[in-house]
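Asks: So the sequence lines, in the order shown, correspond to chains G and W. Okay, so the first sequence: first residue is 0 according to numbering that gives the first Met the number 0, each after it adds one. Okay, so the second sequence: first residue is 0 according to numbering that gives the first Met the number 0, each after it adds one.
Just so you know, these hints were derived from the structure itself, not from any lab. All C-beta atoms, glycine included, are put in the ideal place defined by N, C-alpha and C. Hints are not guaranteed to be accurate.
Below, simulated DSBU-like cross-link-like pairs (lysine-lysine); rule was C-alpha separation at most 35 angstroms, straight line [unchecked claim]:
#1 Lys159/W with Lys85/G
#2 Lys275/W with Lys34/G
#3 Lys104/G with Lys449/W
#4 Lys92/G with Lys275/W
#5 Lys149/W with Lys159/W
#6 Lys34/G with Lys8/G
#7 Lys107/G with Lys92/G
#8 Lys384/W with Lys107/G
#9 Lys449/W with Lys96/G
#10 Lys384/W with Lys468/W
Pair ranges (Cβ atoms, derived) [unchecked claim]:
#11 Thr94/G with Lys332/W: 38 to 46 angstroms
#12 Arg253/W with Ala4/G: 20 to 28 angstroms
#13 Asp130/W with Lys8/G: 29 to 37 angstroms
#14 Ser56/G with Val28/W: 40 to 48 angstroms
#15 Pro71/W with Gln29/G: 31 to 39 angstroms
#16 Glu79/W with Ser86/G: 38 to 46 angstroms
#17 Leu13/G with His6/W: 42 to 50 angstroms
#18 Glu246/W with Ser56/G: 24 to 32 angstroms
#19 Gln465/W with Leu13/G: 33 to 41 angstroms
#20 Asp98/G with Val28/W: 44 to 52 angstroms
#21 Leu13/G with Asp185/W: 20 to 28 angstroms
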Amino acid sequence: MYREAILNKFRPSLDNILYILHDLQDNNPQRYLAKDDIRVCADYLNVPYSYVHSVASFYTMFSLEPRGSNIIRLCDSPPCHLMGSKSLLTFLKETLKVDIGGTTKDGKFTLELTSCLGVCGVAPAMMLNDEMLGNLTPEKVDAILDRRRKES
Amino acid sequence: MNLVRNHVLISIDAGTVMAGARAVEKTLVEEIAKQGLADEIAVLETGSVGTIGQGVVIVVYPEGVYYANVTPQDVPQLVEEHLLKGRPLKRLMLAETPKQSVIKKERAGLLKEQPRIVLRNCGVIDPEKIDEYIGEGGYLAIGNALASMKPEGVIDEIKKSGLAGRGGASFSTGMKWDFARRAPGDIKYIICNADEGEPGTFKDRLILEGDPHKLIEGMLLAGYAVGASKGFVYIRGEYALSIERLERAIAQARDYGLLGMNILESTFTFDIFVMKGAGAYVCGEETALIESLEGKRGHPRNKPPYPVTEGLWGKPTVVNNVETLANVPEIMKNGADWFRGYGTEKCPGTKVYTIIGNVATPGLIEAEMGTTLRDIIYEYAGGIKEGKKFKGALVGGAAGAFLGPDMLDVQMDFVNLKEYTAVLGSGAILVMDESADMVEMLQNVLYFFKHESCGHCVPCRLGTTQLVKLIDRIAVSKGSQEDVNKLLKISDVMRDASFCPLGQSLYLPISSSLKYFRDEFDAHIR
Numbered sequence: 000m001y002r003e004a005i006l007n008k009f010r011p012s013l014d015n016i017l018y019i020l021h022d023l024q025d026n027n028p029q030r031y032l033a034k035d036d037i038r039v040c041a042d043y044l045n046v047p048y049s050y051v052h053s054v055a056s057f058y059t060m061f062s063l064e065p066r067g068s069n070i071i072r073l074c075d076s077p078p079c080h081l082m083g084s085k086s087l088l089t090f091l092k093e094t095l096k097v098d099i100g101g102t103t104k105d106g107k108f109t110l111e112l113t114s115c116l117g118v119c120g121v122a123p124a125m126m127l128n129d130e131m132l133g134n135l136t137p138e139k140v141d142a143i144l145d146r147r148r149k150e151s
Numbered sequence: 000m001n002l003v004r005n006h007v008l009i010s011i012d013a014g015t016v017m018a019g020a021r022a023v024e025k026t027l028v029e030e031i032a033k034q035g036l037a038d039e040i041a042v043l044e045t046g047s048v049g050t051i052g053q054g055v056v057i058v059v060y061p062e063g064v065y066y067a068n069v070t071p072q073d074v075p076q077l078v079e080e081h082l083l084k085g086r087p088l089k090r091l092m093l094a095e096t097p098k099q100s101v102i103k104k105e106r107a108g109l110l111k112e113q114p115r116i117v118l119r120n121c122g123v124i125d126p127e128k129i130d131e132y133i134g135e136g137g138y139l140a141i142g143n144a145l146a147s148m149k150p151e152g153v154i155d156e157i158k159k160s161g162l163a164g165r166g167g168a169s170f171s172t173g174m175k176w177d178f179a180r181r182a183p184g185d186i187k188y189i190i191c192n193a194d195e196g197e198p199g200t201f202k203d204r205l206i207l208e209g210d211p212h213k214l215i216e217g218m219l220l221a222g223y224a225v226g227a228s229k230g231f232v233y234i235r236g237e238y239a240l241s242i243e244r245l246e247r248a249i250a251q252a253r254d255y256g257l258l259g260m261n262i263l264e265s266t267f268t269f270d271i272f273v274m275k276g277a278g279a280y281v282c283g284e285e286t287a288l289i290e291s292l293e294g295k296r297g298h299p300r301n302k303p304p305y306p307v308t309e310g311l312w313g314k315p316t317v318v319n320n321v322e323t324l325a326n327v328p329e330i331m332k333n334g335a336d337w338f339r340g341y342g343t344e345k346c347p348g349t350k351v352y353t354i355i356g357n358v359a360t361p362g363l364i365e366a367e368m369g370t371t372l373r374d375i376i377y378e379y380a381g382g383i384k385e386g387k388k389f390k391g392a393l394v395g396g397a398a399g400a401f402l403g404p405d406m407l408d409v410q411m412d413f414v415n416l417k418e419y420t421a422v423l424g425s426g427a428i429l430v431m432d433e434s435a436d437m438v439e440m441l442q443n444v445l446y447f448f449k450h451e452s453c454g455h456c457v458p459c460r461l462g463t464t465q466l467v468k469l470i471d472r473i474a475v476s477k478g479s480q481e482d483v484n485k486l487l488k489i490s491d492v493m494r495d496a497s498f499c500p501l502g503q504s505l506y507l508p509i510s511s512s513l514k515y516f517r518d519e520f521d522a523h524i525r
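The shape of chain G in the complex, shown without the other chains:
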C-alpha cells in the first residue's frame, strides 16, 4: 500500500524514475529495491521490468540486495586515501566481520565503499545513512558504531 502512495507523488513519466527509485528504496525496511519495488515502478511508468532493473543496477546509490538497518559508505577516493581511509577500511572489516558489500549477522550494518563525497576538507570521511562524518580515526569510528548499536 505504501508503494502506491509513493508512486502517486510523481507523474508517471520516465524522467521521474530516479526519484521514484530513491523514494521506494528509502521506504523499504531493508533499504533496498526489492523485486516488488521494481515491478510497481515498471507498471507505473509502463516500461518492462527489465528496463527498471537495468536503470537501478547502473547507479551505485541503489542496492538490489537487502541491506542492514545502517549503511556505512566509506569514501575511498584519492584525498581520503592519502589521509588514511585504508586503516578505516581494515578496522571496519575486522570489527564488523564483513567484506565490502556485506551485512553484519545481526543485520545492523552494511559496509560499502563510495567515491568522493565532496567533503575532502575533513578527510578521511564516510557517510552513516544520511549523516556525513569526517576527520575519522579507527577509535572515532568505533565510538560511532557503539553509539549506533545502542540506539537501534
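Use these hints to put chain W onto chain G, whose structure you have.
Replies: Then chain W, alone, in the frame of chain G:
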C-alpha cells in the same frame, strides 16, 4: 530601529554542519540573549568562508575576526569576552585568515588584491535570503538584459569576455550558446551540470551552498540568450544541503517573479527544476547526464550530434558547469573588458580551486587564471603542513595529472597546462608531501576508474581491469619493468579507443606519475 553593533556570521556548509555548526549556532543565539545583547548583535548564517577541515567557523564583523573549531562549550566565553567586553578570544582565533580576494602579483613581486568574481558573496551573504543577494546587486544583470538587450547582445558580451567552460573542457561558453541559439527548433533547454564527482572537487557544492541565487541568475541569462524556457540542475544525490538550499532559492525566485511566466514583465518565460542523481561518476559527462535526466542508464552518447543541436529529448541543449554559470551575472553586470582584466590573454577570468591534502590551510579559493601552483600552495594555502617538503600534486582530480616539483612555477590555465600534458580539470588540487607513496596513489586512482567505468565500451571496461591487475602486482613488488611499460601502453590505447572522456583521460595520471616518480616504481621492481 535598532542599530546592530556586531554581525556574527556562522558558516553553514556540509563540512561545518558535520562538525556541529547547528548546535553552536543555537547556543550562540541563546547566550547572546542571556547577556542581553540580542538587540545589538545579529547572528547570520552564511556559506563556506573558505576554510575547510577546521570545525565550526564563525566570523565576527566589523572586526573581521575568524574563530575556528568552536564548540558549544566555547560559546559562553566567546560571547562574554568578545561580544560583551570587546576582547577577541585569542584561544580560538584562526592563525591565518582565509584569502577573501584574488591576489594579483605585479612586477617585482608586489601583491595586489582584487575582488573575487565567482565567490564574491560566498561566506558573506545569507544564501537562504534572496534579499541579501539582491542587496549585493543580484538579479541586476538579468533585469538589464531583459530591459535593454537582445539575446544576441548577451551572447556577444559572453563571447567577448572569453569565458570558457569551468567543468574541465574549457570550451567557449559564448560559442556554445550561439550554436544552441542558431539550432532549429522552438523548444530548447539549459542544463546546469552539478554532478560534481571528480575526487577532491567540491567547489560547485560550496557555490551552491553559499550563493545559490547566482546560479539561478546565470541560468536565466543563459536561457534568455539561447531562447530556452526550461532549465534543469542535475545535482549529486549526496549533496543534501545543496539540494535544500537551491530548492529554497528557486521557490523564492518564483515568489519574486524572477522565475516563471513573463519575468520582470517581459515576454521571457523561464523556470528551473532540480534533478537528483543516484551516484555515477560518468554522469558528469554531458551526454551521459542527459541520458540520466531522461530516465535511462547514464551511458554516454555518440558525438556528434552534440547536445547544442540534439540534447535533452532530442532538443537543442546547453550544458554548463555551476562555476561557468556563476561567472555569467558578474560579466553581464561589469562588462567583458572588466572580466578580461583578470587572468591571462588566452584564459581570462579566475578559477575556483579546492586545495586539500598535506597543506597548512586547506580550503576553497579563487585565483586568477595563470596563477602558479607555487603561489596557490604558498600564498593561499599556507604552504606544506608541518614544514615538510613538497613532493607532488594531483591537479584536476582523478582524471587529472600528477605534477612534480619542477611544475611549481608553471602558469596554470587551461591552455598552458595542455603543453605539459596536464589539465586544470575541475580545479581540484591534492597536495602530497615527501611522505606520500606515489605507487599507492596511482593504485588508488586506478581503482577509482575501475569502479566508475560504466562498462559501455570495451577499451575502458577491460582496460581499467587490466590496469588494476598490473598496479596491484607492482605495488606488492611482484611486477616487472614490462608491467610498468604496459600501464603506459594500455592507457595510450584507451586514450585513442575509449568512447568517452572517462577512459580517454586515464593516460594523464599514469603518464604523469611515471614521468615524475618513475624511480619509485622502479624501487618496487625487484
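Asks: Holds or violated: are the alpha carbons of Lys92/G and Lys275/W at most 35 angstroms from each other?
Replies: holds (31 angstroms)
Asks: With the threshold set at 35 angstroms, check whether the alpha-carbon distance from Lys384/W to Lys468/W stays at or below it.
Replies: holds (34 angstroms)
Asks: Is the distance from the Cβ of Ser56/G to the Cβ of Val28/W consistent with 40 to 48 angstroms?
Replies: holds (47 angstroms)
Asks: A range of 20 to 28 angstroms was offered for this pair. Does it hold for the Cβ distance of Arg253/W and Ala4/G?
Replies: holds (26 angstroms)
Asks: Run the distance test for Lys34/G versus Lys8/G: straight-line Cα separation, threshold 35 angstroms.
Replies: holds (20 angstroms)
Asks: Tell me if the beta carbons of Gln465/W and Leu13/G are separated by a distance inside 33 to 41 angstroms.
Replies: holds (36 angstroms)
Asks: Given the hinted pair Lys384/W and Lys107/G, is their alpha-carbon gap at most 35 angstroms?
Replies: violated (39 angstroms)
Asks: Given the hint that Lys275/W pairs with Lys34/G, does the C-alpha gap stay at or below 35 angstroms?
Replies: Satisfied, since the Cα-Cα distance of roughly 23 angstroms is no more than 35 angstroms.
Asks: Has the hinted range 29 to 37 angstroms been met by the Cβ atoms of Asp130/W and Lys8/G?
Replies: holds (32 angstroms)
Asks: For the range 42 to 50 angstroms, tell me whether the beta carbons of Leu13/G and His6/W fit it or not.
Replies: holds (48 angstroms)
Asks: Run the distance test for Lys449/W versus Lys96/G: straight-line Cα separation, threshold 35 angstroms.
Replies: holds (25 angstroms)
Asks: Look at the Cβ atoms of Thr94/G and Lys332/W and judge whether their distance stays inside 38 to 46 angstroms.
Replies: violated (55 angstroms)
Against the hints set out earlier in the document, violations occur for numbers 1, 8, 11.
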